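Trainee: Assemble the complex: chain A is given as a structure, and chains B and C must be docked to it using the hints.
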Amino acid sequence: MKTNEGRFFEDYAVGQVIAHAVPRTVGAGERALYHALYPARHALYSADTFAQGCGLAASPLDDLIAFHTVFGKTVPDISLNAVANLGYAEGRFLQPVWPGDTLRSTSEVIGLKQNSNGKTGVVWVRTRGENQRGQAVLDYIRWVMVRKRDADAPAPETVVPELKPALAAEDLVVPAGLDFSTYDFTAAGEPHRGGDYAVGEIIDHVDGVTVEEAEHMMATRLWQNTAKVHFDATNREDGRRLIYGGHVISLARALSFNGLANAQMIAGINAGAHANPCFAGTTVRAWSEVLDKAETTAPGVGALRLRLVATGADHALGELRGEDGKYRPGILLDLDYWALLPV
Amino acid sequence: MKTNEGRFFEDYAVGQVIAHAVPRTVGAGERALYHALYPARHALYSADTFAQGCGLAASPLDDLIAFHTVFGKTVPDISLNAVANLGYAEGRFLQPVWPGDTLRSTSEVIGLKQNSNGKTGVVWVRTRGENQRGQAVLDYIRWVMVRKRDADAPAPETVVPELKPALAAEDLVVPAGLDFSTYDFTAAGEPHRGGDYAVGEIIDHVDGVTVEEAEHMMATRLWQNTAKVHFDATNREDGRRLIYGGHVISLARALSFNGLANAQMIAGINAGAHANPCFAGTTVRAWSEVLDKAETTAPGVGALRLRLVATGADHALGELRGEDGKYRPGILLDLDYWALLPV
Amino acid sequence: MKTNEGRFFEDYAVGQVIAHAVPRTVGAGERALYHALYPARHALYSADTFAQGCGLAASPLDDLIAFHTVFGKTVPDISLNAVANLGYAEGRFLQPVWPGDTLRSTSEVIGLKQNSNGKTGVVWVRTRGENQRGQAVLDYIRWVMVRKRDADAPAPETVVPELKPALAAEDLVVPAGLDFSTYDFTAAGEPHRGGDYAVGEIIDHVDGVTVEEAEHMMATRLWQNTAKVHFDATNREDGRRLIYGGHVISLARALSFNGLANAQMIAGINAGAHANPCFAGTTVRAWSEVLDKAETTAPGVGALRLRLVATGADHALGELRGEDGKYRPGILLDLDYWALLPV
Chain A
-8 MKTNEGRFFE
2 DYAVGQVIAH
12 AVPRTVGAGE
22 RALYHALYPA
32 RHALYSADTF
42 AQGCGLAASP
52 LDDLIAFHTV
62 FGKTVPDISL
72 NAVANLGYAE
82 GRFLQPVWPG
92 DTLRSTSEVI
102 GLKQNSNGKT
112 GVVWVRTRGE
122 NQRGQAVLDY
132 IRWVMVRKRD
142 ADAPAPETVV
152 PELKPALAAE
162 DLVVPAGLDF
172 STYDFTAAGE
182 PHRGGDYAVG
192 EIIDHVDGVT
202 VEEAEHMMAT
212 RLWQNTAKVH
222 FDATNREDGR
232 RLIYGGHVIS
242 LARALSFNGL
252 ANAQMIAGIN
262 AGAHANPCFA
272 GTTVRAWSEV
282 LDKAETTAPG
292 VGALRLRLVA
302 TGADHALGEL
312 RGEDGKYRPG
322 ILLDLDYWAL
332 LPV
Chain B
-8 MKTNEGRFFE
2 DYAVGQVIAH
12 AVPRTVGAGE
22 RALYHALYPA
32 RHALYSADTF
42 AQGCGLAASP
52 LDDLIAFHTV
62 FGKTVPDISL
72 NAVANLGYAE
82 GRFLQPVWPG
92 DTLRSTSEVI
102 GLKQNSNGKT
112 GVVWVRTRGE
122 NQRGQAVLDY
132 IRWVMVRKRD
142 ADAPAPETVV
152 PELKPALAAE
162 DLVVPAGLDF
172 STYDFTAAGE
182 PHRGGDYAVG
192 EIIDHVDGVT
202 VEEAEHMMAT
212 RLWQNTAKVH
222 FDATNREDGR
232 RLIYGGHVIS
242 LARALSFNGL
252 ANAQMIAGIN
262 AGAHANPCFA
272 GTTVRAWSEV
282 LDKAETTAPG
292 VGALRLRLVA
302 TGADHALGEL
312 RGEDGKYRPG
322 ILLDLDYWAL
332 LPV
Chain C
-8 MKTNEGRFFE
2 DYAVGQVIAH
12 AVPRTVGAGE
22 RALYHALYPA
32 RHALYSADTF
42 AQGCGLAASP
52 LDDLIAFHTV
62 FGKTVPDISL
72 NAVANLGYAE
82 GRFLQPVWPG
92 DTLRSTSEVI
102 GLKQNSNGKT
112 GVVWVRTRGE
122 NQRGQAVLDY
132 IRWVMVRKRD
142 ADAPAPETVV
152 PELKPALAAE
162 DLVVPAGLDF
172 STYDFTAAGE
182 PHRGGDYAVG
192 EIIDHVDGVT
202 VEEAEHMMAT
212 RLWQNTAKVH
222 FDATNREDGR
232 RLIYGGHVIS
242 LARALSFNGL
252 ANAQMIAGIN
262 AGAHANPCFA
272 GTTVRAWSEV
282 LDKAETTAPG
292 VGALRLRLVA
302 TGADHALGEL
312 RGEDGKYRPG
322 ILLDLDYWAL
332 LPV
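Residue numbers (this note's numbering), protein chains in the order written: chain A, -8 to 334; chain B, -8 to 334; chain C, -8 to 334.
Just chain A, same shape as in the assembly (with noise of 0.2 Å):
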């Protein structure tokens, strides 16, 4: 066999370190189709003025083009053979992605746990991605729920890793010589600093974008993601093919600059779930709360403990889960992120 028929449940142990395949270069051209892809508008992504104006040399590459390049060289090796992708933890933006840098992904199997059915189990792994200097720009924990190529296979020894339910404002890094101190708020699009929200304070975004094949399946191949169930008709049953999570991430992300506009960047991923599939032809929406509220060392600069919810069929603020408990059929996205923003 020489195609990839990716890992088992069985495949993986704790402790197991698995360099993926594929660097990637990224710069003016990917920075060009996130915007072409996404209305993404954070003036800091947008612009190399105003990112200078912030103590930056100029604009980075988007914080979610650093994670989505380094999500999907890890596909191959974690998920191809996923029956569900079940969280996000502890995600760190550690240093900004310029154009022209390389990516590589490393994972370390972090935690195993075989699931009642013998058939599938759960595989913890902490992701970490480098640039060509060899810096860390980003680490994650995520879990997934993988097949056994054997039931009869014996179940590893249970390891369930202990997940921070959110970072602590003091994890979190600000970006070296990141200032907001001279913020440019009309530049940036709107008035509000840090102290202008209110913890439990509901945003609605409003806009809404009707998501073509074309458009998610082009964001996911620049991610160099190769999950069949996002490109092949034929793969599922119903003959639909599945937008990829972080897809919704992206859209979400860029249409809550409406009422965000100033948290400028992602500097952790506390929480993720995706509730529930996305297909072309849905009409994504989202509505964010703010859930906490932070001060950091660098001159000017707060964070904002965000729930950023991206809705689909029902767009109902502030409505998360049923009666049941379970997210409501309308919820396809539910993050929990700290951005920066202007104090």
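Heads up, a few of these hints could be off.
Said to hold, decoys possible - Distance condition first, Cα-Cα at most 30 Å in a straight line; then the derived DSS-like pairs of lysine-lysine: (1) K284/B - K219/B; (2) K(-7)/A - K284/C; (3) K155/A - K104/A; (4) K284/B - K(-7)/C; (5) K139/B - K110/B; (6) K284/A - K(-7)/B; (7) K110/B - K219/B; (8) K(-7)/C - K219/C; (9) K155/C - K284/C.
By construction, these hints were calculated from the structure, which means they are not laboratory data. All values reported here derive from a predicted model rather than from experimental measurement.
Mentor: Just chains B and C now, with coordinates in the frame of chain A:
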């Protein structure tokens, strides 16, 4: 309210200057996407070598990339609540945009006229796009019909600006260094000089392009144009997404290569009407009429005033209006512009 | 007539040299779009670091970007009135294309043969692509069937060029500096060296991609290929847009990563047939057959001659032709090429 609901008619005052948000750095990625989204082939925007042979340092970004980017920034402030985009006048391209340039836009309100129904009014603005060196790259007048927030709000004093029906050739700005005296007609693709075109001549550009939803949305997002009607299939009662008028301009201009390959640069926009809406599935064609000819002081550089017409269902050369004086239903665009070409 | 109606059979003469119009500068944007449009993952074209580890200055643009760009320029002169694209031979990649290079194309007519029906004829051309330094980056022979303008025009003298059935390994040009002696198999994604492949071996590339209209049109426009049939849904009686054959080549080549991840560079194209038309909605898959193996004089660099087959409806490994000797209806592409890989 944290989100932008846009300005209503009573929010404008003559003399008001609006600095539009989110500057944008454009470069090699936007250039490639422009070529992927439109069948653009004018050699000056295709090849550094050709542009250098015309006296420029390198190939600038397509004029319409500059126009769409500058225009896109104005949407949240000018046309979010617009009922109709009524016209353009006195558009001048003042400076090429180079890869790496950062563009921002400012508009001054130069006219206001409440409609007799009391529910809407017309707003005239002069918009100026600037690069990161503070040089104007483009200015143009646009007028739109905007809803009133409150029908009982008093009408402002009527100010209707006097607009030139067309720019004179002397008003056109030829880019510094442009020299067509050693122009390479073989590389450009056609042998026709300015002298080969006659006023009144009509050129059928022959080719057609059937438009897809993914394409016009990617283009419109690339210019950070946020008008809901282009992206959200639930926005209109008929469930159709309206294609950004600028998408049709770029399509028609690109199609006009076939017959006008040497009309390399757009120097001015005299007038423009989006005569009928365009939707995905339409096969767009184009024809041009030569309206005027002029000389410039730059070596070998002449100017052609052209009417560029995009058609949908009904491609009848030279037939613009029906017996009632209104645009025929198959007309999508009627654009009056000046182009620079070798004499 | 200002517009190009294309050349007809009687417009060609053996020995005629046609300089094709519109040179094109390619770079980071084309590279990103290539990755968005095809599931391309060969590491040498994905990461500067990987290419540098193979002795190159940086990651060149994908070989097929060079091919499509050079090919696209020939369409207005060679195949605008073509009835069929009959074949390729003796294609050699002579020089990598780097971001910022400007490509132009020239074709020499090397054969002519009027068909017995008197209405069409076959034209053979040798096309050469050059960069801005005047270096050849690519040359290949193509032959097409072209309509006559006038069925009564006299037949030219028949000249049928002698074509090599395949390039010999000695005919291949290995890029200056290429060195696979310290090749990083982990980063490349697969462990298989040249020695691991056997002549006659067939590899199923497993993955499938369902093609969308927006994707193939964006790709084909990006190469400035103007053939109407790809863009205009009113052009054919069945209302379908024919997908550019080169789009299927790039799709199949990208899919072949899975099993041929180390077949990094295309060095030669021996033959190629677009066996059946491809339309949007088709799920394209691919398989390869190892036809030959060879060494080169570059350190660690071997060559594999491969048959790359793209399939649509019917993915039967190794089954190319039916009992009638014709391509099976599910075969889209049969491409015979040489690739460079670590020995």
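Trainee: Each of the hints needs a verdict: does it hold here or not?
Mentor: To see whether the hints hold, each was checked on the structure:
1. K284/B - K219/B: Distance ~40 Å between K284/B and K219/B Cα, so the pair is violated.
2. K(-7)/A - K284/C: Within the cut-off at roughly 17 Å; holds.
3. K155/A - K104/A: Holds, because 19 Å separates the two Cα atoms, which is no more than 30 Å.
4. K284/B - K(-7)/C: 17 Å, holds
5. K139/B - K110/B: 5 Å, holds
6. K284/A - K(-7)/B: Given that 30 Å is the threshold and the Cα spacing comes to 17 Å, the pair holds.
7. K110/B - K219/B: 21 Å, holds
8. K(-7)/C - K219/C: Cα-Cα ~18 Å, so holds.
9. K155/C - K284/C: Judged against 30 Å, a Cα distance of about 18 Å means the pair holds.
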